[in-house]
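Engineer: Here is what each chain is made of, one letter per residue.
Number of protein chains: 2
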Amino acid sequence: MISNNEPHVDFRNFNVTIPDVETTYWCTRFELPSEIVKKPHHIIRFDGIVSPQSEGVVHHMELFHCNVPPEKEVPKFNGPCTTEQKPMGLTECRRVIGAWALGAANFIYPKEAGGTIGGRAQSRYVVLEVHFNNPDLKSNIIDQSGIRIYYTPQRRKYDAAIMEVGLEYNSKNSIPPHLAAFRLSGYCLGPCTNVGLPETGITVFASQLHTHSTGVQVFTRIIRTDGKIEILNIDRHYSPHFQEIRILQKPIQIYRNDTILHTCIYNTLRRDDMTFGGYSIHDEMCVNYMHYYPKAELELCKTSVNDASLNEFFLAIHKVDYALTDTTHKTVEENYESIRWTPLTSAILQTFYEEAPIHLSCNGSNGNYLPGGNWDIYSAQEPLQRDVVLPSRCHQ
Amino acid sequence: MISNNEPHVDFRNFNVTIPDVETTYWCTRFELPSEIVKKPHHIIRFDGIVSPQSEGVVHHMELFHCNVPPEKEVPKFNGPCTTEQKPMGLTECRRVIGAWALGAANFIYPKEAGGTIGGRAQSRYVVLEVHFNNPDLKSNIIDQSGIRIYYTPQRRKYDAAIMEVGLEYNSKNSIPPHLAAFRLSGYCLGPCTNVGLPETGITVFASQLHTHSTGVQVFTRIIRTDGKIEILNIDRHYSPHFQEIRILQKPIQIYRNDTILHTCIYNTLRRDDMTFGGYSIHDEMCVNYMHYYPKAELELCKTSVNDASLNEFFLAIHKVDYALTDTTHKTVEENYESIRWTPLTSAILQTFYEEAPIHLSCNGSNGNYLPGGNWDIYSAQEPLQRDVVLPSRCHQ
Numbered sequence: 001m002i003s004n005n006e007p008h009v010d011f012r013n014f015n016v017t018i019p020d021v022e023t024t025y026w027c028t029r030f031e032l033p034s035e036i037v038k039k040p041h042h043i044i045r046f047d048g049i050v051s052p053q054s055e056g057v058v059h060h061m062e063l064f065h066c067n068v069p070p071e072k073e074v075p076k077f078n079g080p081c082t083t084e085q086k087p088m089g090l091t092e093c094r095r096v097i098g099a100w101a102l103g104a105a106n107f108i109y110p111k112e113a114g115g116t117i118g119g120r121a122q123s124r125y126v127v128l129e130v131h132f133n134n135p136d137l138k139s140n141i142i143d144q145s146g147i148r149i150y151y152t153p154q155r156r157k158y159d160a161a162i163m164e165v166g167l168e169y170n171s172k173n174s175i176p177p178h179l180a181a182f183r184l185s186g187y188c189l190g191p192c193t194n195v196g197l198p199e200t201g202i203t204v205f206a207s208q209l210h211t212h213s214t215g216v217q218v219f220t221r222i223i224r225t226d227g228k229i230e231i232l233n234i235d236r237h238y239s240p241h242f243q244e245i246r247i248l249q250k251p252i253q254i255y256r257n258d259t260i261l262h263t264c265i266y267n268t269l270r271r272d273d274m275t276f277g278g279y280s281i282h283d284e285m286c287v288n289y290m291h292y293y294p295k296a297e298l299e300l301c302k303t304s305v306n307d308a309s310l311n312e313f314f315l316a317i318h319k320v321d322y323a324l325t326d327t328t329h330k331t332v333e334e335n336y337e338s339i340r341w342t343p344l345t346s347a348i349l350q351t352f353y354e355e356a357p358i359h360l361s362c363n364g365s366n367g368n369y370l371p372g373g374n375w376d377i378y379s380a381q382e383p384l385q386r387d388v389v390l391p392s393r394c395h396q
Numbered sequence: 397m398i399s400n401n402e403p404h405v406d407f408r409n410f411n412v413t414i415p416d417v418e419t420t421y422w423c424t425r426f427e428l429p430s431e432i433v434k435k436p437h438h439i440i441r442f443d444g445i446v447s448p449q450s451e452g453v454v455h456h457m458e459l460f461h462c463n464v465p466p467e468k469e470v471p472k473f474n475g476p477c478t479t480e481q482k483p484m485g486l487t488e489c490r491r492v493i494g495a496w497a498l499g500a501a502n503f504i505y506p507k508e509a510g511g512t513i514g515g516r517a518q519s520r521y522v523v524l525e526v527h528f529n530n531p532d533l534k535s536n537i538i539d540q541s542g543i544r545i546y547y548t549p550q551r552r553k554y555d556a557a558i559m560e561v562g563l564e565y566n567s568k569n570s571i572p573p574h575l576a577a578f579r580l581s582g583y584c585l586g587p588c589t590n591v592g593l594p595e596t597g598i599t600v601f602a603s604q605l606h607t608h609s610t611g612v613q614v615f616t617r618i619i620r621t622d623g624k625i626e627i628l629n630i631d632r633h634y635s636p637h638f639q640e641i642r643i644l645q646k647p648i649q650i651y652r653n654d655t656i657l658h659t660c661i662y663n664t665l666r667r668d669d670m671t672f673g674g675y676s677i678h679d680e681m682c683v684n685y686m687h688y689y690p691k692a693e694l695e696l697c698k699t700s701v702n703d704a705s706l707n708e709f710f711l712a713i714h715k716v717d718y719a720l721t722d723t724t725h726k727t728v729e730e731n732y733e734s735i736r737w738t739p740l741t742s743a744i745l746q747t748f749y750e751e752a753p754i755h756l757s758c759n760g761s762n763g764n765y766l767p768g769g770n771w772d773i774y775s776a777q778e779p780l781q782r783d784v785v786l787p788s789r790c791h792q
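Protein sequences appear in the order of chains A and B.
In terms of my numbering, the first sequence is numbered consecutively and its last residue is 396.
In terms of my numbering, the second sequence is numbered consecutively and its last residue is 792.
Just so you know, the hints here were simulated from the structure itself, not pulled from any lab data.
Treat the hints with care, since some could be wrong.
Taking lysine to any residue pairs in the SDA-like style, the calculated list, with each CA pair at most 25 Å apart, reads [said to hold, decoys possible]:
1) A:K319 <-> B:D669
2) B:K715 <-> A:Q350
3) A:K111 <-> A:S51
4) A:K319 <-> B:P573
5) A:K319 <-> B:Y685
6) B:K715 <-> A:I49
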């Protein structure tokens with residue numbers, strides 16, 4: 001355990017008056033303490049600090065490190081993240097070094113690892129982003145919420161990092177309306193873990209599951225090279241309102257050639273139109289941010305259905321259900337919207353997603369593909385990965 | 397062979413002027429020759445006789461024996477079968493004793509069997525029905541077409557008879573529109589052949605396949621109790637315009653507990669609405685009239701999908717495709733018409749027909765069920781019968 005008296009630094013709102021609108025993202029730029037700027041440190045714990053008067057309104061908070069050269073200034077800012085006044089200079093502040101969400105406990109790193117921060121080679125700037133969710137339009141709440149970082153110059157054996165697995169952010173994998181449970185999966189396949197993980201493998205010790213508002217179940221499974229399946233994280237009662245980072249009860253190793261199969265189940269009973277994969281709050285995502293060590297080449301391993309196969313699907317649904325799909329003149333979104341969505345056509349799409357060839361993005365920390373890491377892989381080569389069945393009793 | 401000089405009698409039209417309309421059924425009542433009336437005979441051959449001037453217009457002809465008590469008069473008649481002037485007394489004249497259709501050869505019984513006719517216990521009346529198909533509306537053709545019966549008082553070892561297998565004449569099994577090939581099958585199952593056939597089995601020596609206008613392939617298979625499958629009759633290029641009775645190249649035995657699986661494939665590309673099973677020329681049938689000996693208890697062995705299962709289908713298609721089916725307030729026909737027929741929903745119906753429980757009518761010659769012969773049989777008990785695959789090369 002790490003005592004509350006250990007060295008720490010707070011990044012908290014400066015008496016922000018929470019706007020009386022439903023949704024506000026509030027951004028504040030900070031500088032790291034000079035002792036951290038001087039030499040590399042490890043973050044060994046971080047806590048969310050929610051002002052008592054703001055409880056129930058602070059939805060989640062993230063502390064981002066700015067991934068810019070150390071000499072580069074990041075402009076001072078304190079205001080809504082979405083305002084046009086927000087300086088472009090904050091755009092590169094996206095590396096998560098601390099986070100809190102409704103339901104989250106304090107985040108304590110395993111004793112052999114820490115989050116990397118500080119040193120002359122790194123930018124000294126961080127940005128706190130606080131999401132206020134204020135559906136009752138309460139006014140006059142003065143907020144000082146934020147994140148507390150515990151740090152140490154005695155760096156531990158391993159640098160921890162975050163790896164993102166699941167679905168690519170595009171509309172190829174989308175969700176029909178009026179369904180109680182539609183399943184999407186991302187397949188981080190063996191060829192990617194083979195080139196992207198160290199020979200000794202990695203240890204995942206925490207996991208943050210992420211969807212937008214229609215996600216109802218999320219789980220990540222590891223498929224070993226011998227076909228055995230282990231559950232990394234599972235939430236059978238997932239709520240997008242509780243996106244805490246969870247420390248795994250038991251850390252789990254991932255080795256080269258293992259497959260990381262990340263699955264989200266969505267409920268679109270209240271939607272009348274197709275829900276697309278994408279960035280907007282009305283779009284959907286299916287991601288697991290895995291906290292692990294030691295830091296690997298691989299940072300993002302995500303898939304979506306293969307383009308040519310999706311066109312074949314649009315052609316087939318035209319033939320069998322007279323949908324006015326048109327792969328020459330319509331976009332993917334327009335084609336999905338040309339289909340008469342029923343449980344029947346939805347079931348066909350579900351089966352298609354489970355059996356169709358996929359495109360796999362296997363990216364390093366610079367955002368580029370790892371060597372060979374841009375694959376159109378045919379599912380027929382990986383049949384087991386689509387067929388696994390979860391045990392009926394919850395794990396963990 | 398039976399020489400043309402053997403005793404015979406002709407039942408031919410008396411100089412009928414073929415009406416200049418597309419479709420005419422012409423009916424003529426005859427009396428059998430007195431020597432036949434006096435004692436039971438065997439029919440050993442029958443020929444179609446088409447007047448030269450009527451060739452191409454005479455579509456098919458059938459000679460029916462009247463199944464009424466011998467003392468009962470059947471009124472004299474010579475006119476269109478469908479006119480209201482046709483006496484009701486002809487209604488019972490339905491037992492086929494001779495037939496000809498476009499493409500038919502002379503029908504010669506196997507030497508050990510003959511068709512039953514004559515004797516004091518039988519009616520002396522027969523009715524000839526000639527179907528004129530005159531789409532060119534030709535006029536002034538005087539027709540003397542009909543059927544010639546060869547008979548003998550030296551009766552052979554076995555009485556021949558006709559058994560009807562295939563689908564029941566109702567709308568439960570129906571055909572969606574706009575399909576190149578939709579399959580319907582009737583299943584004369586082991587429990588029926590077990591109670592309806594003699595212990596020594598029967599020998600089928602001829603077969604008449606029958607559908608209405610959308611039939612394109614018809615075949616009958618025998619499934620033995622050991623699972624082996626034999627083809628009784630197959631027409632991969634079936635035309636409803638050539639409904640001849642075919643003498644089988646090789647007679648085939650059917651034993652107790654064998655299954656007789658009769659299948660028809662329909663093409664409804666030119667239809668915009670559902671084609672129902674039924675009697676009308678716009679409805680469809682799927683039947684094989686098998687000529688066999690010795691005469692058995694079983695005369696009709698036909699199936700259709702089980703009522704409760706069909707209701708479950710209508711309920712399911714409401715759920716999965718939002719069809720406005722309603723098993724409480726709509727008829728079977730109305731429910732079929734409530735479905736949006738696409739290749740997809742049609743494929744579901746096809747699978748349903750192949751896998752759903754069935755009702756089996758197992759009837760004797762009096763039209764009543766044989767003992768136990770009214771079954772709702774679950775297909776799960778007979779899985780093999782739905783899965784058989786035809787050889788790719790034609791037999792016969």
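Engineer: Each hint should be assessed against the structure and marked as holding or not.
Structural biologist: The hints, checked one at a time:
Between K319 of chain A and D669 of chain B the CA atoms are separated by roughly 18 Å; this keeps the pair inside 25 Å, and the hint holds. Distance restraint check for K715 of chain B and Q350 of chain A: the Cα-Cα separation of roughly 17 Å lies within the 25 Å cut-off, and the hinted pair is therefore satisfied. The suggested pairing of K111 of chain A with S51 of chain A is violated, with an alpha-carbon distance near 29 Å, which exceeds 25 Å. Distance hint between K319 of chain A and P573 of chain B is fulfilled; the C-alpha atoms sit about 14 Å from each other, no more than 25 Å.
Proximity of K319 of chain A to Y685 of chain B is assessed by CA-CA distance (about 38 Å); at most 25 Å being required, the pair is judged violated. For the hint linking K715 of chain B to I49 of chain A, the alpha-carbon distance of about 49 Å lies beyond 25 Å, and the restraint is violated.
Against the hints set out earlier in the document, violations occur for numbers 3, 5, 6.
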